[in-house]
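**Student:** The residues making up each chain are set out below.
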Amino acid sequence: NAGVTQTPKFQVLKTGQSMTLQCAQDMNHEYMSWYRQDPGMGLRLIHYSVGAGITDQGEVPNGYNVSRSTTEDFPLRLLSAAPSQTSVYFCASSVSGGASGELFFGEGSRLTVL
Amino acid sequence: KNQVEQSPQSLIILEGKNCTLQCNYTVSPFSNLRWYKQDTGRGPVSLTIMTFSENTKSNGRYTATLDADTKQSSLHITASQLSDSASYICVVTARLNYGGATNKLIFGTGTLLAVQP
Numbered sequence: 001n002a003g004v005t006q007t008p009k010f011q012v013l014k015t016g017q018s019m020t021l022q023c024a025q026d027m028n029h030e031y032m033s034w035y036r037q038d039p040g041m042g043l044r045l046i047h048y049s050v051g052a053g054i055t056d057q058g059e060v061p062n063g064y065n066v067s068r069s070t071t072e073d074f075p076l077r078l079l080s081a082a083p084s085q086t087s088v089y090f091c092a093s094s095v096s097g098g099a100s101g102e103l104f105f106g107e108g109s110r111l112t113v114l
Numbered sequence: 001k002n003q004v005e006q007s008p009q010s011l012i013i014l015e016g017k018n019c020t021l022q023c024n025y026t027v028s029p030f031s032n033l034r035w036y037k038q039d040t041g042r043g044p045v046s047l048t049i050m051t052f053s054e055n056t057k058s059n060g061r062y063t064a065t066l067d068a069d070t071k072q073s074s075l076h077i078t079a080s081q082l083s084d085s086a087s088y089i090c091v092v093t094a095r096l097n098y099g100g101a102t103n104k105l106i107f108g109t110g111t112l113l114a115v116q117p
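Sequences listed follow chains A and B, in order. In terms of my numbering, the first sequence opens at residue 1 and continues consecutively. In terms of my numbering, the second sequence opens at residue 1 and continues consecutively.
In short, the hints are calculated from the structure, not lab data. Since the structure is predicted, the reported quantities are computational estimates derived from the model, not experimental observations. Don't take every hint at face value.
[Stated by the list, open to error] Covered stretches of chain A (in silico footprint by chain B; criterion: 3 or more residues with CB under 8 Å from a CB of chain B, positions within the stretch not fixed):
#, region
1, 37-43
2, 101-109
[Claimed, not checked] Computed footprint of chain A on chain B, listed as stretches where at least three residues anywhere in the stretch have a Cβ under 8 Å from a Cβ of chain A:
#, region
3, 37-44
4, 72-83
Backbone N, C-alpha and C define an ideal beta-carbon position, used for all residues, glycine too.
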């Protein structure tokens, strides 16, 4: 049982480059979300989805895009990478809305923007 | 403003000793509180969930308490092991109308625990 799988684990980008962080879950969870984790700060919600075809912004959405074409996949796209987007990114899924249910996290993707 | 504050920021203890981590929150209306354990280089994993009516809940050597009146929670680790070295994150759910979902998660910054032999 893989749970939540994120790729890549590590990535280095130059300012202005674009890339996609992949996230897939095999638990048939409706709710999926992306967080970023920075030193000294709590996890911050970037975007979330309550089901296929439905996405919405979290508290720090600028510079990121998401889509949810299937229940399993929830990719995060960086449109034009900036040094401020250097962070560790976590994808998480939950049975019900994430907020009342337990979040299952991926292993994280460490991104460095030069 | 909804906030979750954890203390201490970091803690070093010897293997076999007990420790207690604190979480104070100013979240309203309160729905539940979870403690997550995050090993270095891994994603957080849920340890316990506390609802308004629960005072104490145990998960092996981990015991969480909740005082809804003072808005405080603690996580007590008994007979610590080297594998307990991790960051422990307190997450409080606010029952809000937030962007289509009905609740919002507020994350603490975590307590970094190091257990030394």
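**Student:** Next, verify each hint and record whether it holds.
**Tutor:** So, going through the hints one by one against the coordinates:
1. Using a Cβ-Cβ cut-off of 8 Å, 4 residues of the region 37-43 of chain A lie near chain B, which meets the minimum of three, so the contact claim holds.
2. With a threshold of 8 Å between beta carbons, the proposed coverage of the region 101-109 of chain A by chain B holds, since 6 of its residues qualify and at least three are required.
3. Check result for the region 37-44 of chain B against chain A: holds, 4 residues qualifying (beta carbon to beta carbon below 8 Å, three or more required).
4. Look at the region 72-83 of chain B against chain A: 0 of its residues bring a Cβ nearer than 8 Å to a Cβ of that chain, fewer than three, so the hint is violated.
The structure fails to meet hint 4 from the earlier list, while all remaining hints are met.
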